[in-house]
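Enquirer: Sequence:
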Amino acid sequence: MPMRSPAVDTLPSAVEAALRKLGTDLAIARKRRKQSLANWAARLNVSVPTLSKMEKGDPSVSAGVYATALWLMQRHEALGGLADPQLDLGALESEVQAAVQRGVRRAHA
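Residue numbers are given in the working numbering: position 49 of the sequence shown equals residue 51, and the series is strictly consecutive.
If you're looking for bench data, these hints aren't it; they were derived computationally from the structure. The reader is advised that the hints may include incorrect statements.
Each computed BS3-like pair below joins lysine-lysine, with the alpha-carbon atoms no more than 30 Å apart [to be verified]:
#1 Lys-36 <-> Lys-55
#2 Lys-23 <-> Lys-33
#3 Lys-23 <-> Lys-36
#4 Lys-23 <-> Lys-55
#5 Lys-33 <-> Lys-58
#6 Lys-58 <-> Lys-36
#7 Lys-33 <-> Lys-55
#8 Lys-58 <-> Lys-23
Ranges of calculated distance between the beta carbons of each label pair, as one might list FRET restraints [as the list claims (entries may be wrong)]:
#9 Asn-47 <-> Gln-103: 48 to 54 Å
#10 Ala-19 <-> Glu-95: 22 to 28 Å
#11 Lys-58 <-> Gln-99: 36 to 42 Å
#12 Arg-104 <-> Pro-51: 37 to 43 Å
#13 Ser-38 <-> Ala-93: 40 to 46 Å
#14 Leu-13 <-> Arg-104: 16 to 22 Å
#15 Lys-58 <-> Ala-85: 23 to 29 Å
#16 Ser-38 <-> Gly-66: 28 to 34 Å
#17 Trp-73 <-> Thr-26: 17 to 23 Å
Glycine included, each C-beta is placed from N, C-alpha and C at the ideal position.
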């Protein structure tokens, strides 16, 4: 059995909640399509236990399996925008602060 990553055991609670919601949403999508666990697992090329873990939001399930499940429901394109640099407000704030500091240093020079 593969070793579990320590990163999985130290997830922030907000990340755990987001994964649980994603798993629940994926389970709902499968059920709305009237697909059995066995059928959906075969389409994802995973075992039924792995699919069940994904539908519970288990962080040890690979990101590729989650992404393929999104592809099965034609929502994979949403992944491409998740980390869009133009929407990274934390980085933008850092850049603005750095620009302000440069401006303050120039004003005192």
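Enquirer: For every hint, state whether the structure bears it out.
Expert: So, going through the hints one by one against the coordinates:
1. As the CA atoms of Lys-36 and Lys-55 are separated by approximately 19 Å, the hinted pair is consistent with the 30 Å bound.
2. Distance restraint check for Lys-23 and Lys-33: the Cα-Cα separation of roughly 15 Å lies within the 30 Å cut-off, and the hinted pair is therefore satisfied.
3. For the hint linking Lys-23 to Lys-36, the alpha-carbon distance of about 20 Å falls within 30 Å, and the restraint holds.
4. For a cut-off of 30 Å, the pair hint linking Lys-23 to Lys-55 stands: about 13 Å separates their Cα positions.
5. At most 30 Å may separate the alpha-carbon atoms for a hinted pair to count; Lys-33 and Lys-58 meet this at roughly 14 Å.
6. Straight-line distance between C-alpha atoms of Lys-58 and Lys-36 comes to about 18 Å, which keeps the hinted pair within the 30 Å bound.
7. Between Lys-33 and Lys-55 the CA atoms are separated by roughly 16 Å; this keeps the pair inside 30 Å, and the hint holds.
8. Proposed proximity of Lys-58 and Lys-23 is supported: the alpha carbons are some 8 Å apart, at most 30 Å.
9. Range check, Asn-47 to Gln-103: about 51 Å between beta-carbon atoms, so the 48 to 54 Å window is met.
10. Hint check: Ala-19 to Glu-95, Cβ distance near 24 Å, so the stated range 22 to 28 Å holds.
11. The hinted range of 36 to 42 Å is satisfied by Lys-58 and Gln-99, whose Cβ atoms lie roughly 40 Å apart.
12. Taking 37 to 43 Å as the suggested C-beta distance range, the pair Arg-104 and Pro-51 does not conform, at roughly 55 Å.
13. Distance hint check: the CB atoms of Ser-38 and Ala-93 are about 43 Å apart, consistent with the given range 40 to 46 Å.
14. Distance hint for Leu-13 and Arg-104: a CB-CB separation of about 37 Å, inconsistent with the stated range 16 to 22 Å.
15. At roughly 24 Å, the beta-carbon separation of Lys-58 and Ala-85 lies within the given 23 to 29 Å, and the hint holds.
16. Judged by the Cβ atoms, the range 28 to 34 Å given for Ser-38 and Gly-66 is violated: they are separated by roughly 22 Å.
17. For the pair Trp-73 and Thr-26, the beta carbons lie near 18 Å from each other, so the given range of 17 to 23 Å is met.
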